[in-house]
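Participant: Each chain, letter by letter, is given below.
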Amino acid sequence: MNVIRRHRWLQALLLLGPAAIWGAFFIIYPVFEAVKMSMSEMHYFRLVSKWSTESFHTIFSNSLYTDALMRSVTRGLIVAALSVAISVPLAHFISFRVKRHQFVWFGAVVVALWLGYLLCIVGWRVLLGRTGVISGLLTEIGILSHPTGGLLFNETALIIVQVHLAMSFSFIPIFVVMQRVPHRLMHAAADLGANRWRQIIEVELPLAGIGIGIGAVFAFILSFGDYIAPTLVGDPASAGIANLAASEFEHGLNWPLGAAIGVVMIVVVLLALAMPAIVVGLMRLVGRLRRGARRPRRTRSLAPETSAA
Amino acid sequence: MKTEARGHNSWIRALVLTLLGVAAVSALAACGSSSSTSSTKLAADTGNPRKCPSLGLFTWEGEAPASVLKPFEKEYGVPVKVSYITSGAQALAKMAAGGTRQYAVIFAAPETTQPMQEAGVVKPIDTSKIAEYDKLFKFSTKTFEYGGKTYALSEDWGVNPLIYNPKVIKTPPTSWADLWGPEYKGQVALWEDYSMLWIGAAALGYDKDPSQLFHLSSAQLTAIKNKMLELKGNVRTVWNSGGNLIQLFSTHEVAAAQGWSYVYNQLVEKHQPVALAKVKDMGAQGWTEGASISSGASPDCEAAAYAFLNWTVTPKGAAALAESSGYSPSNPEAAKYLSPALVKTLGLDNPQAFLGSAIFKQAVSSPSAYNQTMQEVIAGLK
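Protein sequence lines, in the order shown, are assigned to chains A and B.
For reference, each letter of the first sequence is one residue, going -16 to 292 in the working numbering.
For reference, each letter of the second sequence is one residue, going 38 to 419 in the working numbering.
Worth double-checking, as some hints may not be accurate.
Said to hold, decoys possible - One-sided excerpt, in silico: chain B residues whose CB lies under 7 Å from chain A:
1) Q127
2) G270
3) T274
4) S405
5) Q412
6) E413
7) I415
What the hints assert, rightly or not - Covered stretches of chain A (in silico footprint by chain B; criterion: 3 or more residues with CB under 8 Å from a CB of chain B, positions within the stretch not fixed):
8) 131 to 137
9) 209 to 218
10) 225 to 232
Just so you know, the hints here were simulated from the structure itself, not pulled from any lab data.
Quick reminder that beta carbons are idealized off the backbone N, C-alpha and C, glycines included.
Using the sequences and the hints, build the whole thing.
Facilitator: Now the structure itself:
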């Protein structure tokens, strides 16, 4: 044990080693293989390493792939925005208004995580289907004259389902960060005359900003990479970039193109993961510039200088 | 200090001994496996099916019922582990990615078996080891012959039908072209497979020359795409698994689809209002399914695979498969064990009439081009 205590590099090795090995084998190596595959060619169902960029050229020159990419990014942003818009007030309510049994409220929000991804989607099909619960209810109470299929297999249904699935993931970091916002700061703001809204906007949200950013990123990543929900509840044209990647492996036998789509998706996800850090960096820069602008300028005195006696 | 030093030394000693032990065990395991590999090579032709620990079977939903698996498991004492395929290309991808060690028997259609043979993941079938081989329908067995060798044993065949709900579609369809009609608005489900292109090909008359169907030019694919895009408004969704299509019909989300006979049989069992349409322009909706033997199967499991294949094409085994899957068996003598109604339904009383105008699917010249066309159709159906 003294050996470990004496050498910091050994401590780092023992603490980070298992995770680094896991990351190397199950993250870095597969990504490397995906990049290598994306730059290969298929010759009669066999991969040939050629370090070719043809697959990437196909993606960015064919509107089928660029449209699907933009569709996935746009949908991801919408799902992220809606997930955060629902999660923030919910997290605020549980953190600041619920005095007892916060854990029960927390569990009720994240219970969707326990149900399973596919089960949630199938459940929404039962709710939104032509002979589903909502259509039946609306027909019973007379809002609809007959059951409608218009609630399912469209973009709205897909976004509803993805927000439901992503909300648990976006809620957790927002809630955790809000829990750490000291209540005394809110009381201090109130003492200084801030009303409830100003307390939330100028004290609570900036402090919870990092959690909100992380929650938004989680929701974006989940929606961006989803290829099951678009098939099961979206309209046929809802297919995103992930569907095309799967299709190249399942139907097209064009593994380099499928791998290239995967690499593009990894780059987009990495950019998304870097967004909170980029935003925080920009905010700090703006803050520094604003503070620099407010600081009084040093001016030369007009009074004659007096020499020391 | 002395105690600490002694404690430190014993810790180092324990660590070194542990590492040496792990290295020794690894070396022994490697020696063991190489010796078992060499003994395996010696026993290449003398595999014992009863020594296969389990028979990995990679097949389609409905093709592995208990009525087929249990008699084999009981006779040979070899459990069958089943995994389901979602598409032929998925099967090829999985086999090429190491599935040859996991599965000994793979069910695939000719358009998948041929690439599997090219990829080296399946081995030729020694038809002399299949007792019933000469009794099987020639039109189905020859679809698996490449370069003078047979790469799969034909198990069943059939036609992907047009399934429809007669309570919604009042006029029975007689052609794939009927799907473009106003009665089908928001009622159609397309199969997320480039098989959907055969519908457009049939509507354009390309199936009149079967040989060109699997070597379509980019101009022809574009024409098929444009024809399929005219289905906008009629197509409600796409399906990619039998279970999904069953649910779509059961919940009345769709009323017409290019489907599978297995799906139709399941819907009938659930007392759902469905019917099969007899379309005059079937096109490349004919299919055969064959069982291949994996190139990575051990000699014992290869012997077990042959035993399983032999069982599945006996009249009794083929009849059990047909009763479950609803697919026509490759052995006509299976009719002895089927009800007269089922014999008629499966077309065993007159196979050529049953096939009608259907063309058996084959491997296409450019799966990527066909797939891209399919994706462009799906993307344009909004």
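Participant: Now look at each hint and say whether the structure bears it out.
Facilitator: Now for the hints, and whether the structure bears them out:
no.: 1; hint: Q127; result: 5 Å, holds
no.: 2; hint: G270; result: 11 Å, violated
no.: 3; hint: T274; result: 5 Å, holds
no.: 4; hint: S405; result: 4 Å, holds
no.: 5; hint: Q412; result: 6 Å, holds
no.: 6; hint: E413; result: 6 Å, holds
no.: 7; hint: I415; result: 5 Å, holds
no.: 8; hint: 131 to 137; result: holds (count 3)
no.: 9; hint: 209 to 218; result: holds (count 3)
no.: 10; hint: 225 to 232; result: holds (count 4)
Of the numbered hints stated above, the single one contradicted by the structure is hint 2.
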